[in-house]
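There are 2 protein chains.
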Amino acid sequence: MENIKRKATRQIRLGKVLIGGGAPVSIQSMLSVPTRAVDAALAQIGALERSGCQIIRFAVTGEEDIRAIKSLKKGAAVPLIADIHFDHKLALQALEAGIDGLRINPGNIGSRAKVEAVVKAASESGVPIRIGVNSGSLPKELVATHSVSAQAMLEAALQHVRILEDLNFDAIKISVKASHLPLMLASYRALSDAVDYPLHLGITESGTLLAGSIKSAMALGILLSEGIGDTLRVSLTADPVQEVLVAKQILRNLELRKGLNIISCPTCGRTRVDLFSLATEVENALQDYSDLPLTVAVMGCAVNGPGEAREADFGIAGGDGEGLIFARGEIVKKVPEKQLVAELLRLIKERIPGG
Amino acid sequence: MENIKRKATRQIRLGKVLIGGGAPVSIQSMLSVPTRAVDAALAQIGALERSGCQIIRFAVTGEEDIRAIKSLKKGAAVPLIADIHFDHKLALQALEAGIDGLRINPGNIGSRAKVEAVVKAASESGVPIRIGVNSGSLPKELVATHSVSAQAMLEAALQHVRILEDLNFDAIKISVKASHLPLMLASYRALSDAVDYPLHLGITESGTLLAGSIKSAMALGILLSEGIGDTLRVSLTADPVQEVLVAKQILRNLELRKGLNIISCPTCGRTRVDLFSLATEVENALQDYSDLPLTVAVMGCAVNGPGEAREADFGIAGGDGEGLIFARGEIVKKVPEKQLVAELLRLIKERIPGG
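Protein sequences, first through last, are from chains A and B.
Mapping of the first sequence onto my numbering: position 186 corresponds to residue 168, and the numbering continues sequentially without gaps.
Mapping of the second sequence onto my numbering: position 143 corresponds to residue 125, and the numbering continues sequentially without gaps.
Among the hints, erroneous ones may be present.
Which copy? The list can't say, so a pair holds if one copy fits it or any two copies do.
Below are the BS3-like pairs computed for lysine-lysine, each with C-alpha atoms no more than 27 Å apart in a straight line [unchecked claim]: (1) Lys(-2) x Lys55; (2) Lys331 x Lys240; (3) Lys315 x Lys122; (4) Lys316 x Lys122; (5) Lys320 x Lys71; (6) Lys102 x Lys240; (7) Lys(-13) x Lys96; (8) Lys230 x Lys71; (9) Lys55 x Lys102; (10) Lys(-2) x Lys331.
Everything labelled a hint here was simulated from the structure, so no lab data went into it.
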């Protein structure tokens, strides 16, 4: 089996998280509650951390958000990034307040003096900057020359990069997000060819939970399979915790991260159990085990099930009111259908240390 | 923007559907009700056809299923495939009953005489055969030599291919499905390098609706982006209609098929409307327009929304109780938030002939 050959990128440090240079692909999300609503923001940070989120970003649009940063830093275990548009004072204040990362486009900050002030402060604090180019807000002159294209996206990113490089600042990561999948793919490929800074992957306006997950899975899956991408956010019009759960599945499917993998067979004319609800029941029952590197199979057919799922660590297969519990293709016991999930859980707890 | 360069494959005909040789990637699904339950099967065939399914497969495990085929053929507008394991008599009977395609592995049929009988009958009926290799049921001797690997999958497929080629039968398509994503990718890549028969893509035991859609979107997305794949099935532990809807989204995201594309921005601290429910409401309201090649944006922010979604044909952006309707970045009107979706629908109907 070929493994993914990840593109060599420089490494930066965002708080305690390493990005690029062979570090594991890290998962980010963004607060959907207002940053200034400190209690709600802390609650969401906690929920995101418990779901496995490694980096959390929030919008900083005014003094009230700045005042919130210190409390959020105290309550957060993961590094925090301030997302700032244009305003260099907010960037300086966020750095003073102890933020771990900035997302700000240096080309949009304004005068040279303002850019220099932000970059100097970030450099002194050891804080990296993400350049975030978005197809929806490309500079007019680039759109005039190149239309909305990968070339325009790349050029927009490089303009910001050159500003930072001129100031000898290299703790850079870059994103070139779009909502149009082919444009997003072409932009990241061009960027990956042009620079060796670590790349932050994402697709914008991806849609509701299911549609957005499909689009993100394709976008991120395709680029990651080409070795492109050092950190990522799955953007969904949904609870940000869902973004993290989807991101974890994407990384696990490509074996870029270990964890629980539940497989279940599609229903066919041979199925004799209610496989939909059985699979969902197993998924729910095993939620606390999501970081264990196990494959668990939920099969509809007692005849072929254990054999077809012989690569699974554990599994169940339904029959006519009865079911089988199996492990690595070997049948462990036969139980009434209603006890299948409970018996599966019992077996996993028995065999997995700490499970 | 680079387009996907699809790999050149031979073309076969399955009923009225062309597969391979530059034909559009077609969408398949499989009945989850028993084939012999004719009324239920016809109802599901109808639902699948309405959802956009182009080819429907069902298990044929005995005489009762054979007897159902004639009724199903009468009621179906799309080509039908009989999925048969081992039994050459069932294959011959399915052909007699007018089936459009067979999924049967010639190496598993038995004696040379039986294989020849099936291949001769398929050839005379102009019916193609899909060779379907599955990582869960690889021949023991191949697993002994190659373990469960892409090499074993490829060799298993080629053994079946050689049998058909020996009999001068070339109306072949091939699948090499696995539930393990890296194995599935490596197997299809090896197969695509080795043969120019059209390939049927799929990942097995992919999981529940969301998890399975993510895995299928990655598997199919990655291969399609490499130009591999001529027809596909998204296998889900869910209603087969969902398989078709997910497959359509995968093809649309890569622009391998036209249709409605709803984009919505992730929520951030700037959002002032309930974007989750708004996006879902739009998705539901536009269900009847799913084949129109339109992009519709649902944005949370009235300030940036129309600009960020200027590539969308139509869009809405929320504000404080008020919202904007826009088209190609131009604001069409401002309306109370509660009327946003109704006004959007009205605008689309007004501007789209037949919409």
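Consistency of the hints with the structure:
| no. | hint | verdict |
| --- | --- | --- |
| 1 | Lys(-2) x Lys55 | within (13 Å within a copy, 62 Å between copies) |
| 2 | Lys331 x Lys240 | within (19 Å within a copy, 48 Å between copies) |
| 3 | Lys315 x Lys122 | between (67 Å within a copy, 25 Å between copies) |
| 4 | Lys316 x Lys122 | between (67 Å within a copy, 26 Å between copies) |
| 5 | Lys320 x Lys71 | neither (62 Å within a copy, 38 Å between copies) |
| 6 | Lys102 x Lys240 | neither (39 Å within a copy, 49 Å between copies) |
| 7 | Lys(-13) x Lys96 | neither (40 Å within a copy, 46 Å between copies) |
| 8 | Lys230 x Lys71 | neither (35 Å within a copy, 47 Å between copies) |
| 9 | Lys55 x Lys102 | within (22 Å within a copy, 73 Å between copies) |
| 10 | Lys(-2) x Lys331 | neither (33 Å within a copy, 53 Å between copies) |
Of the numbered hints listed earlier, those contradicted by the structure are 5, 6, 7, 8 and 10.
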